[in-house]
Every structure is written in structure tokens, then in C-alpha cells.
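Peer 1: What follows is the residue order along each chain.
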Amino acid sequence: MSEAVSREAASRWGGGVSPVGVSWNKLMMWLFIITDGLLFAGFLAAYGFARLASAAWPDRLEVFHLWFISAMTFVLISSSATMATAVGAARRKEGQLVSQMIFATLVGGTIFLAMQAYEWTILIGEGARLHSNPWGVPQFANYFFIITGFHGTHVLTGIVILAVVAARALRGRLSAEGVELAGLYWHFVDLVWVFIFTLFYLI
Amino acid sequence: MAKDATGVPYSVYWRTWAFLLMLTLVMVILDQAAVPRPVLVLVLLTAMLVKAALIAGTFMHLSQEKLSLALAVVTALLLTGAVLFLLIAPDGLRLFQMKN
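Chains as they are written, first to last, in the working numbering: chain A, 1 to 203; chain B, 204 to 303.
Not one of these hints is a red herring.
Taking lysine-lysine and the DSS-like style, the derived pairs with C-alpha atoms no more than 27 Å apart in a straight line are:
1) A:93 <-> B:269
2) A:93 <-> A:26
3) B:269 <-> A:26
Simulated from the structure, these hints should not be mistaken for laboratory data.
Could you build all of it, start to finish, from the sequences and the hints given here?
Peer 2: Encoded structure:
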């Protein structure tokens, strides 16, 4: 009886014992990425709403130094490439290359954060605040600080995670999956920046 | 050529990196050129999605995962993101028309 029931359930399920073919912690990381991605989707959709509803919007080229923001993008994309190489090296058990690439990623992340802090300092110096700014549309600075602030916090979190992974690698307690999970998070941070860069700075 | 355990040569990551940077450069140059606004927005959005697909597919190895995982991730993010925006965009436009 029970065997018949389980056979019936199995035929209905049809997904086998591993429907997505990844370990549970990698699946959890993907689920986290989806939910965190929806957080940013919400922010960007709200920003799109404000842009559509607003009669005017500040000229981006007057407010931002586009080549400076492009340099930030260059740094973050480069750090993603070094992280991908670190993940590949961890799978091949090339410990030294893993450490070097994680270190390069950490440097890239830190430079990106420093550049963002500089950008914030310039805009705050020009009078931008959370609820007001000199460019005439109060929501503009609000969305700018909230969206880039949340992203920057994610970068900072990524740096902490990578520092922990690097410390484990130095102590010889490296796990290829640990590097891969940290890598997934780091690439996600890069992925979100691709959307922010296009929707907030370019369009 | 050095490959990782899944058979991906390291050079794939760096070719992807070079392509991503090239796309970014083209986007920034186009943004400052005299391109009609609707065309510019369409090109920028397309380039943005291509960059996102490259990062997810190559850097995050989503192209090597089971199709079920890739579909779950992409559908969840793209569909809910689109629904989110499409639900509130008409209200944004209506507010804009009321103000003008």
C-alpha cells in the first residue's frame, strides 16, 4: 500500500531527488539572490514611477560626472571577472590563484566603495540631502541616496564575506563551494549595478 | 589552456569581461551622442539585458546549471520585475498628465 502511494507520488512529482541539481546551500543562495533582486526591482520600479510622474527631472550630465561613474563600473566589472576566475581556480584546487584573485576582488570592491564615497561627498557638498537638493526635484536625491546606498551596503557586505573567505583560504580551510557561494553574491552585486548604472545614470 | 572543473577556460571569463567593458563604453558614448531619445532608450535597455545575461550566464555559471534552476531564477526576476513596473507605470503616466 505505502509502496504504491510513494510510487504514485513519485510519478506525479517527476522531478527526481534533485530537481534543480544543486546543493541546498547553493539553492538557498539563489533564492536569496532572487528575493534581494526583487528588493532592487522594487526600488527601481518606484524610481521609474517617480520619473514618469514628475513633470521635470534633473539633467544627469549636470549632476553626475558620467566618466567617473563609468570608471566605477569598470572597477566593479573587473572585480567580477577576478571573482569568476577565483571560483574556477577553487574548483581546480589552485589555492594560490584563488587567494590572489580573491585579493584582487577585495581591492576592486574597496576602490568601488571609495569612489562611491567620493561621489556622495561631492553631491552632499553641492547641497544634496535625503529630502532636498539644489536641482529642483526633491525625489531625485531621495532615490539616489536610497538606491546607491543600498547597493553600496551590499558591496560592503560582499567585502566582509570575501575577507572571511580569504582568511579561510589562508588557513587552508578553503572549500570550493564556499568560494562559489561568495562569488554568486559578488556577481549579484555587479548585476544590480548594471541595472542601476543604466536606469539611473544613463537613461 | 587552463580550464576549471566544469571545463570552462579562464579565458572565457576575461573575454566576457572585455565584451562587458566594450558594451559599457558604447552605452556611455551613445548616451552623450545626438541619438533620438526612443532609440537611445531601446538600445540602452537591450544592452543592459545583454550585460545582465552575460554576468548571470558566464560569471554566475547559470548557463551550466540545470535548465530548471536557470528558468526559475530568470522567470522569477524578469517576470515579477516587469509586472511590478507595468502595474505602477500607468499610474505614473496618469499623474504626469494630471500635472500638465
